[in-house]
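Chain by chain, the residues run as shown.
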Amino acid sequence: MSSKTGEQNQIHLAFQLSYPSREKPFDFDVNACFPNNGVTAILGESGSGKTTLLRCIAGLEKSARGHLQIGQTTWLSEQVNVPTHKREIGYVFQDARLFEHLSVRDNLAFALKRSHEKVTRAFHEEVIHALGIEGLLTRSPDKLSGGEKQRVAMARALLIKPKLLLMDEPLASLDEIRKQEILPYLSALQSISKVPIVYVSHSSDEVCKLANHLLVINNGKLATSGPINEVLSSTELPSNYVSEASTILDCHVLERKEKWQLIKVGFDHSYLWLEDKGQELGQQLKVRLLASDLSISLDPAPQSTMLNRLAGRINSIQRDSSSASVLVKIDVGNKELVARVTRKSIDDLFLMVGMPVFLQVKSVAILV
Amino acid sequence: MLSTSDIDAIVLTLKLATTVTVILLLISTPLAMWLASTRSWLKGPVSAIVALPLILPPTVLGFYLLIAMGPNGPLGEFTQSIGLGLLPFTFWGLVIASLFYSLPFVVQPIQNAIEAIGEKPLEAASTLHCSPADRFFHVILPLAKPGFITASVLGFAHTVGEFGIVLMIGGNIPQETKVVSIQIYDYVEALEYTGAHALSGIMVLFSFLVLLTLYTFQSRGKASKFSLGR
Numbered sequence: 439m440s441s442k443t444g445e446q447n448q449i450h451l452a453f454q455l456s457y458p459s460r461e462k463p464f465d466f467d468v469n470a471c472f473p474n475n476g477v478t479a480i481l482g483e484s485g486s487g488k489t490t491l492l493r494c495i496a497g498l499e500k501s502a503r504g505h506l507q508i509g510q511t512t513w514l515s516e517q518v519n520v521p522t523h524k525r526e527i528g529y530v531f532q533d534a535r536l537f538e539h540l541s542v543r544d545n546l547a548f549a550l551k552r553s554h555e556k557v558t559r560a561f562h563e564e565v566i567h568a569l570g571i572e573g574l575l576t577r578s579p580d581k582l583s584g585g586e587k588q589r590v591a592m593a594r595a596l597l598i599k600p601k602l603l604l605m606d607e608p609l610a611s612l613d614e615i616r617k618q619e620i621l622p623y624l625s626a627l628q629s630i631s632k633v634p635i636v637y638v639s640h641s642s643d644e645v646c647k648l649a650n651h652l653l654v655i656n657n658g659k660l661a662t663s664g665p666i667n668e669v670l671s672s673t674e675l676p677s678n679y680v681s682e683a684s685t686i687l688d689c690h691v692l693e694r695k696e697k698w699q700l701i702k703v704g705f706d707h708s709y710l711w712l713e714d715k716g717q718e719l720g721q722q723l724k725v726r727l728l729a730s731d732l733s734i735s736l737d738p739a740p741q742s743t744m745l746n747r748l749a750g751r752i753n754s755i756q757r758d759s760s761s762a763s764v765l766v767k768i769d770v771g772n773k774e775l776v777a778r779v780t781r782k783s784i785d786d787l788f789l790m791v792g793m794p795v796f797l798q799v800k801s802v803a804i805l806v
Numbered sequence: 009m010l011s012t013s014d015i016d017a018i019v020l021t022l023k024l025a026t027t028v029t030v031i032l033l034l035i036s037t038p039l040a041m042w043l044a045s046t047r048s049w050l051k052g053p054v055s056a057i058v059a060l061p062l063i064l065p066p067t068v069l070g071f072y073l074l075i076a077m078g079p080n081g082p083l084g085e086f087t088q089s090i091g092l093g094l095l096p097f098t099f100w101g102l103v104i105a106s107l108f109y110s111l112p113f114v115v116q117p118i119q120n121a122i123e124a125i126g127e128k129p130l131e132a133a134s135t136l137h138c139s140p141a142d143r144f145f146h147v148i149l150p151l152a153k154p155g156f157i158t159a160s161v162l163g164f165a166h167t168v169g170e171f172g173i174v175l176m177i178g179g180n181i182p183q184e185t186k187v188v189s190i191q192i193y194d195y196v197e198a199l200e201y202t203g204a205h206a207l208s209g210i211m212v213l214f215s216f217l218v219l220l221t222l223y224t225f226q227s228r229g230k231a232s233k234f235s236l237g238r
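If you're matching them up, the sequences are chains A and B in order.
Convert by adding 438 to the 1-based position in the first sequence; the result is the number in our numbering.
Convert by adding 8 to the 1-based position in the second sequence; the result is the number in our numbering.
I should point out that these hints are in silico values taken from the structure, not numbers from a laboratory.
Check each hint, because a few of them may be wrong.
[Said to hold, decoys possible] Each computed DMTMM-like pair below joins lysine to aspartate or glutamate, with the alpha-carbon atoms no more than 20 Å apart:
| id | chain 1 | residue 1 | chain 2 | residue 2 |
| --- | --- | --- | --- | --- |
| 1 | A | K524 | B | E184 |
| 2 | A | K524 | B | D194 |
| 3 | A | K601 | B | E131 |
| 4 | A | K767 | A | E693 |
| 5 | B | K153 | A | E668 |
| 6 | B | K128 | A | D714 |
| 7 | A | K599 | B | D142 |
| 8 | A | K524 | B | E123 |
| 9 | B | K128 | A | E499 |
| 10 | B | K128 | A | D467 |
| 11 | B | K128 | A | D580 |
| 12 | A | K524 | A | E499 |
| 13 | A | K724 | A | D714 |
| 14 | B | K128 | A | E668 |
| 15 | B | K153 | A | D580 |
| 16 | A | K773 | A | D706 |
| 17 | A | K767 | A | D706 |
| 18 | A | K724 | A | D786 |
| 19 | B | K128 | B | D142 |
| 20 | A | K524 | A | E555 |
| 21 | A | K500 | B | D14 |
| 22 | A | K500 | B | E131 |
| 23 | A | K599 | B | E127 |
| 24 | A | K659 | A | D467 |
| 25 | B | K153 | A | D688 |
| 26 | A | K551 | B | E131 |
| 27 | A | K551 | B | E197 |
| 28 | A | K800 | A | D643 |
[Stated by the list, open to error] Not the full set, but computed from the structure, chain A residues with beta-carbon under 10 Å of chain B:
| id | residue |
| --- | --- |
| 29 | A534 |
| 30 | F548 |
| 31 | A591 |
| 32 | K767 |
[Stated by the list, open to error] Here are the computed distance ranges between Cβ atoms for each label pair:
| id | chain 1 | residue 1 | chain 2 | residue 2 | range |
| --- | --- | --- | --- | --- | --- |
| 33 | B | S139 | A | E614 | 37 to 43 Å |
| 34 | A | E674 | B | I35 | 57 to 63 Å |
| 35 | A | V520 | B | L50 | 53 to 59 Å |
| 36 | A | K524 | B | L50 | 27 to 33 Å |
| 37 | B | S139 | A | D580 | 51 to 57 Å |
| 38 | B | L50 | A | R757 | 34 to 40 Å |
| 39 | A | V520 | B | F171 | 51 to 57 Å |
| 40 | A | P521 | B | A56 | 48 to 54 Å |
Don't be surprised by glycine CBs; every beta carbon is placed ideally from N, CA and C.
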């Protein structure tokens, strides 16, 4: 039974596509399977084919061949190719693509009129409120800032009541301040609509903040995929993303030390000190530890300015690496943390699997 | 000041121009949509044929149409076989000739407007549950509206202004083929300059107003400017 419901909640895809005529021939061949819920991120550099993958799911790449199954529904196979307008999707384009001849209100009405299922007044208002576009409704799209356009585009995509929401780097065209402004809205999207989201991005930071599941695309091929924590700590990250190897931890705020301007956050019987940014006691935090920000020491109590030290046990040491450094996985309680250290250090310290070690944490990024 | 035959000529001219414009909009819209989106090798040849009337002397076009519509021409044989008789020197013969003659003035503004829209809004519409017909009526038409207006105005005005091809295909039969430009020609030939002055003045005023409307309209909207003979 459980395997059957599991099957129903998967997205299976296999796409082949090639552009032999472009100045640089491009062969796209991606085969993947991921959950049809939560947020799945497609991470890749520009030109890797991540947008192509999203366009294939939407049916916008007319020459794509292969297979696409969303739960029980087949959108593409040898026999069928459901046209884009019959796929129950919402799509947020990188460049918003609002209809210039319609006001913001009419852009939303365009979707309402064609929605896949009836949109209740309450949902309509909730979407407008969640994206903070109440004040923009009477404006024309060319009078909106980039961030405002994206928020309207997201609202429009939600109001079509999609079964799957596809988002193509909705933040890419925005500056850093606008990005920070939109990110909370993105998290809100999922919570109000419960719609599965496939989110394309080149920024691992963005992906860490939003996604539960991750596909990494490199050169038109799937490099690796899985739950985000597994992928980011895996040794299979393509070389251009190796420096992004990291651990994501869910913590909660335990106490505040006003004297030091620090807060203590706990995860699984261990704790970290973080800068006090006014978080509340008991609040849930998601933090990211870059593998390159962790170092390994054998000395339990060195004189050091390093604030955070964690005791753990080496679980594995990466063998197959052609670079000077390798990934080492360390169990801290029930959590697995990943650190990047040089091969030389491994030899100098005689590090081996099963050894108790101390992790020193140089910095912690608070995601949410 | 205007004689009865002048009024007849003006009414006939307006009737011809309206008929031609309506038919041309119906023909040109699919043609322009195809030209705007196709990657076929036929695009070049078809565009060239559409644009031919821009550079050919009207007499050349008139000559070939006359032959085609004549008793031994393919078009003539066809119209005779379905019982319509021969088209030269009839109103409908004039309509057909004008369709060819004014085609580029209608196709090109529409094509430019549709090309300016591009694929992006159409893709967005597809992801919003919009069928191809829905896309045409609710995305392409409103966005290309300035192009359609330019096309209608130019097609109408250009049909009003034609002379050579009308003379060859239509001659000067009152109420059937004698349009304003022919009427003026007849006045001048008969040295009746008063009549020629009145009609010519009206033509200048009409043409100026048409172009004024067009340019005022275009500078207000950010519509695609009309350009011809690309």
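Going down the list of hints, with the structure as the test:
With a C-alpha separation of about 52 Å, the suggested pairing of A/K524 with B/E184 is violated against the 20 Å cut-off. The straight-line distance between the Cα atoms of A/K524 and B/D194 is roughly 62 Å, outside the 20 Å bound, and the hint therefore fails. Annotation: proposed proximity of A/K601 to B/E131 holds, straight-line Cα distance about 18 Å (limit 20 Å). With a C-alpha separation of about 28 Å, the suggested pairing of A/K767 with A/E693 is violated against the 20 Å cut-off.
Using a Cα cut-off of 20 Å, the hinted pair B/K153 and A/E668 is violated, with the two alpha carbons roughly 53 Å apart. For a cut-off of 20 Å, the pair hint linking B/K128 to A/D714 is broken: about 46 Å separates their Cα positions. As the CA atoms of A/K599 and B/D142 are separated by approximately 19 Å, the hinted pair is consistent with the 20 Å bound. Restraint check for A/K524 and B/E123: not satisfied, since their Cα atoms lie roughly 25 Å apart, outside the 20 Å limit.
Our distance criterion of 20 Å between C-alpha atoms is met by B/K128 and A/E499, whose separation comes to about 13 Å. For the given pair, B/K128 sits about 25 Å from A/D467 by alpha-carbon distance, which is inconsistent with the 20 Å threshold. Taken as a hint, the B/K128 and A/D580 pair is honoured in the structure, with Cα atoms around 16 Å apart against an allowance of 20 Å. For the given pair, A/K524 sits about 15 Å from A/E499 by alpha-carbon distance, which is consistent with the 20 Å threshold.
Annotation: proposed proximity of A/K724 to A/D714 holds, straight-line Cα distance about 15 Å (limit 20 Å). Among the hinted pairs, B/K128 with A/E668 is inconsistent with the structure: their alpha-carbon atoms are about 37 Å apart, more than 20 Å. For the given pair, B/K153 sits about 18 Å from A/D580 by alpha-carbon distance, which is consistent with the 20 Å threshold. Between A/K773 and A/D706, the direct Cα distance comes to roughly 7 Å. Compliance with the 20 Å bound is thereby established for this hinted pair.
With a C-alpha separation of about 17 Å, the suggested pair A/K767 and A/D706 falls inside the 20 Å cut-off, and the hint holds. A distance of roughly 34 Å separates the Cα atoms of A/K724 and A/D786; the hinted pair therefore is violated under the 20 Å criterion. Proposed proximity of B/K128 and B/D142 is supported: the alpha carbons are some 16 Å apart, at most 20 Å. The suggested pairing of A/K524 with A/E555 holds, with an alpha-carbon distance near 13 Å, which does not exceed 20 Å.
Distance check on the hinted pair: A/K500 and B/D14 sit about 58 Å apart at the alpha-carbon level, beyond 20 Å; violated. Of the supplied pair hints, the one linking A/K500 and B/E131 holds, its CA atoms being roughly 12 Å apart against a limit of 20 Å. Proximity of A/K599 to B/E127 is assessed by CA-CA distance (about 23 Å); at most 20 Å being required, the pair is judged violated. For the hint pairing A/K659 with A/D467, the CA-to-CA distance comes to about 6 Å; that is within 20 Å, so the pair holds.
Straight-line distance between C-alpha atoms of B/K153 and A/D688 comes to about 54 Å, which puts the hinted pair past the 20 Å bound. Only pairs whose Cα atoms come within 20 Å are accepted, and A/K551 paired with B/E131 is accepted, the gap being roughly 17 Å. At most 20 Å may separate the alpha-carbon atoms for a hinted pair to count; A/K551 and B/E197 exceed this at roughly 63 Å. The suggested pairing of A/K800 with A/D643 holds, with an alpha-carbon distance near 18 Å, which does not exceed 20 Å.
Because the closest C-beta pair between A/A534 and chain B is about 9 Å apart, less than 10 Å, the hint holds. For A/F548, the shortest C-beta to C-beta distance to chain B is roughly 6 Å, which falls under 10 Å, so the interface hint holds. Satisfaction of the interface hint for A/A591 is found here, the shortest Cβ-Cβ separation to chain B being roughly 9 Å, below the 10 Å cut-off. Interface hint at A/K767: violated, since its Cβ lies 41 Å from the closest Cβ of chain B, which is beyond the 10 Å cut-off.
For B/S139 paired with A/E614, a C-beta distance near 40 Å keeps the hint of 37 to 43 Å intact. Taking 57 to 63 Å as the suggested C-beta distance range, the pair A/E674 and B/I35 conforms, at roughly 59 Å. In this structure the supplied range 53 to 59 Å is violated for A/V520 paired with B/L50, their Cβ-Cβ distance being about 30 Å. Separated by about 30 Å at the C-beta atoms, A/K524 and B/L50 satisfy the suggested range of 27 to 33 Å.
Our hint of 51 to 57 Å for B/S139 and A/D580 is violated, since their Cβ atoms are close to 27 Å apart. Here the CB-CB span from B/L50 to A/R757 is close to 60 Å, at odds with the stated 34 to 40 Å. Taking the beta carbon of each, A/V520 and B/F171 are about 55 Å apart, inside 51 to 57 Å as hinted. Separation of A/P521 from B/A56 is about 33 Å and departs from the stated range, judged on CB atoms against 48 to 54 Å.
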